[in-house]
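As given, the protein sequences belong to chains A and B, one line each in that order.
Start counting the first sequence at 4; every next residue gets the next number (this note's numbering).
Start counting the second sequence at 733; every next residue gets the next number (this note's numbering).
No lab work stands behind these hints: they were computed from the structure.
Do not rely on the hints blindly, as some may be mistaken.
[Claimed, not checked] Listed below are the simulated DMTMM-like cross-link pairs for lysine to aspartate or glutamate, each with C-alpha atoms no more than 20 Å apart in a straight line:
#: 1; chain 1: A; residue 1: K442; chain 2: B; residue 2: E786
#: 2; chain 1: A; residue 1: K468; chain 2: A; residue 2: D261
#: 3; chain 1: B; residue 1: K768; chain 2: A; residue 2: E302
#: 4; chain 1: A; residue 1: K104; chain 2: A; residue 2: D30
#: 5; chain 1: B; residue 1: K768; chain 2: A; residue 2: E463
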Amino acid sequence: MNLDSSAEEGRYKSLFEQATDAIMITDFTGNFLDVNSSLCKLFGYTKEQLLKMSVHELIDSSDLDARPIPFDRLMNGEQQFSERRMITKDGRIIHVEANVKKLNNEEILAIARDVSNLYHSRNQLRLSEAHLNTILDNTNIAFILLDKNLKVITYNKEAKKFGQQEYHLEENKEINLFEVITPAGREYWEKMLPQAFNGEPFEYEIDYVQPDGRVHWYYVRVCRIDNNQGEIYGIMIAIQNITEQKEMNMQQEQITDDLSHRNHDLEQFAYIVSHNLRAPVANIIGATNLLQVGENTEEDTSDLLLGLSEAAAKLDTVIQDLNTILQLNKELKSEFEFVDFRVLLDDITESIHSLVMENNASISGNFEMAKELRSIKSYIYSIFYNLISNSIKYSKPDLAPVIQIQSYQKNGQVILEFRDNGLGIDLNRHGNEVFGLYKRFHIEKDGKGVGLFMVKTQVERLGGKVSVESIPNQGSVFRIEIPQGN
Amino acid sequence: MKEIKVKEPLNPVNPLFIVMDDDVAYNHISRITIRKIFREADVQTFEKPAAGLEFIRNLNEAEYTNRDIVLLLDINMPLLNGFAVLDALKESFNPIIRKIKIYLVSSSIDPRDSLRSLAYEITSGYISKPLTLEILKDLFQLQDNNAQSAGD
């Protein structure tokens, strides 16, 4: 028996000595009773030094304060497994994982392992994770990670918002992408996924119409995610809200469009005016040339002189018209005020009293739905005046002109409709010239072709639009939309 | 300013001039200008293009075998502008129309007008108002300043 126990003791001694883990035996106050060489190596002390020390001297004080060694529990036979901050002889901090249990009522056995590297790695990882989470939760881009089968693995705060907003998704539900998107979207994804899995990301824009009619725009980028071994892990979707940029773009396009139109109008205007100035000038040149060459008959001479004076008068008129039109392009200095349509109409009807009588015209207005407009009075007056006098002038020869004016509101704008039973205009032939300067469609009647041009210019100056519907020989309806002035 | 496509001069003997322009003063001036060179030329002026078209359609080819016919056509007439008249002429069946030398006339400086006119094959050119003696002489390649009498 003695032989066996000494052989066993020998084995244990070898184990104790050769173990790579640090092993120590202390009493119930912490004094070292025995240490192995690994422990000595770990802490940088010799065995002799350690045997004079207590384990408390190796543990970082803050750690010890927070968690004193539970000798009483150890005495009860409990096994302790804990991680401790400990200090080596040269003052280095190491992290040690220790497995502690009492051997007997006098001795405690502790087996310890240096986990400093692991501790640091774990810390680094936690820090990285923290950083990543901070980034992911503070970005305004929604990130969604899907596995190879398009099942959602994880997503950030923004993605949760996106899912709730546009797809009414509840949190914590298992979601597969194809269950959520539209069939058209699915078709597109099925087409593009092979490309993504091949390592080539794809991107697209998508819009969602909200219940209130507004549109949200998003820019979506889809790419493959690989794991550390370079195998396909899944798919990452990055979604960015680009509504604001889209809206600005569309506004920009609208402005460019408007500018382009106005430019075109301006060019037209320039050509028309120059033509109307050149025509009389050409006549003046022609007539004076012939008068200078002389040898004209008396009849011819008087014709030429008449032509000269008419041309000069025409020139003067065009220049005056130009002046009037250019006034419109100046800053709107006039004050905005409330213009009552009924009062305005009565004013105008009275001022063209004789014209009304001569033509047996009847003018009526229904302003129940929109009584007034906050705008520039002189413009509104001019618009009414031009349209009414036009309708009387271009009435059918055998039919008394009947003019009906109706007002109503729509979308914050006031709409005015002027309806007459006159000659009408062939819009198929003259459609885009109706409001053009000096364009005339019924030369039997006197007129310069300026009235409708003025109406259009003034309406547009107020930020509105004018349009016309007409059937030759049946009459016309002029429709004016003007926003309420501020 | 003018752009003339056809280079051969017109026959100064007894030509017929048709002037279509809604501007009465211009028609007077054209007539007087033409008569200064061709004292007894036949000058027909029309303020209403419809009447002018009618006149042309009714021309008797036999009467004009040795005479040139010149049409001075204003581009900017209300209702029926010069290009519309050209279209109407193209569709007419009177063979004499092919004989007419058509010049489009305008007081406009819009270059698009002169370009557009050159695109019509039946036109011989484009003249910018006013119609001057120089332009007329040029059309008929008259070297001297003496006016030609019709029938000389």
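Do the hints match the structure? See the list:
1. K442/A with E786/B: Violated. K442/A to E786/B sits at ~25 Å, over the 20 Å cutoff.
2. K468/A with D261/A: The hint holds at about 12 Å.
3. K768/B with E302/A: holds, 14 Å
4. K104/A with D30/A: Holds. K104/A to D30/A sits at ~11 Å (cutoff 20 Å).
5. K768/B with E463/A: violated, 51 Å
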